[in-house]
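Position chain B relative to chain A; hints supplied.
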Amino acid sequence: QKEVEQNSGPLSVPEGAIASLNCTYSDRVSQSFFWYRQYSGKSPELIMSIYSNGDKEDGRFTAQLNKASQYVSLLIRDSQPSDSATYLCAVNTGYQKVTFGTGTKLQVIP
Amino acid sequence: DAGVIQSPRHEVTEMGQEVTLRCKPISGHDYLFWYRQTMMRGLELLIYFNNNVPIDDSGMPEDRFSAKMPNASFSTLKIQPSEPRDSAVYFCASSNTGQGLNSPLHFGNGTRLTVT
Chain A
1 QKEVEQNSGP LSVPEGAIAS LNCTYSDRVS QSFFWYRQYS GKSPELIMSI
51 YSNGDKEDGR FTAQLNKASQ YVSLLIRDSQ PSDSATYLCA VNTGYQKVTF
101 GTGTKLQVIP
Chain B
1 DAGVIQSPRH EVTEMGQEVT LRCKPISGHD YLFWYRQTMM RGLELLIYFN
51 NNVPIDDSGM PEDRFSAKMP NASFSTLKIQ PSEPRDSAVY FCASSNTGQG
101 LNSPLHFGNG TRLTVT
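Protein chains in written order, with this note's numbering: chain A, 1 to 110; chain B, 1 to 116.
These are computed hints drawn from the structure, not numbers from a lab.
Certain hints may be false.
Restricting the straight-line Cα-Cα distance to at most 35 Å, the calculated cross-link-like pairs of lysine-lysine (DSBU-like) are [to be verified]:
no. : chain 1 : residue 1 : chain 2 : residue 2
1   : B       : LYS78     : A       : LYS67
2   : B       : LYS24     : A       : LYS105
3   : B       : LYS24     : A       : LYS42
These numbers were taken from a predicted model, which means no experiment stands behind them.
With the rest of the complex left out, here is chain B:
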């Protein structure tokens, strides 16, 4: 199993630019999560999907953030326009409720975003 795959690993962009982060969940997993991690706020849940349908996007900080999951094997998190305060590590994670409703999350390696 290849695990959760995120790209790019690092992204450096200028304020005002559009940023797109990508995630491929583990095959067969039915839940996909986007988290953001900063020193000050820790791991924050931004949005999560069940079978490609967004379930809860209450953690999305503002309209500049959007996420899509067009199919079971791909999701994107887009920031437009980006701001310096968006600098953080963004993690994608997936889980498989076929292993039980309380199945753990499997994390990707994260994307470190720096907005200058």
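With the rest of the complex left out, here is chain A:
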């Protein structure tokens, strides 16, 4: 079982819709969770971090964490074509060791 799992996609949503991206992780002692966005040919950039169970909102983005289910999600409201990218889920399993999922490719259709 991979440490961090994501559906590779592509996930296609129409402009203005809500995009829902999901991630599961295997290590129960994981402490912190991150969502990165990566445009083609570019480096990953941080969108959200979440450490506690529940929801965390930042603008059009909401991260959700459920440690009991070992599940992290990212919701993007009012999706824009500029949101089209690969979204990487990352998990800090301790001692700053950060493991990434393989990413979900999101396509927002105008």
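Just chain B now, with coordinates in the frame of chain A:
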């Protein structure tokens, strides 16, 4: 802040040659990471350092790979001899635990390595 600086941006070499990738972390950051990204395997952690000391090198694929961090502002990843299967984008990242133990990573622009 200049961000994490990697060089070169692109490297094309022939199988069997030595390749050295370079990284300058953000000033004041105490952790430095080397990742490799391929379409098939995504972002893989190769090795990371804390205050210039290697903490975990379990991701280094084999003895052909080595990494050093001689000081807080410089790190190298060396592949000797290189093989075509080493072709990938290599990212360096740094973080600052002074902002908290769960501080995020800041990535460089990466080095695209092609081994022919």
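Outcome of the hint check:
Between B:LYS78 and A:LYS67 the alpha-carbon distance is near 38 Å, which puts this suggested pair outside the 35 Å criterion. Annotation: proposed proximity of B:LYS24 to A:LYS105 holds, straight-line Cα distance about 30 Å (limit 35 Å). Of the pairs offered as hints, the one joining B:LYS24 and A:LYS42 holds, with about 18 Å between alpha carbons and a cut-off of 35 Å not exceeded.
Consistency with the previously given hints fails for number 1 only.
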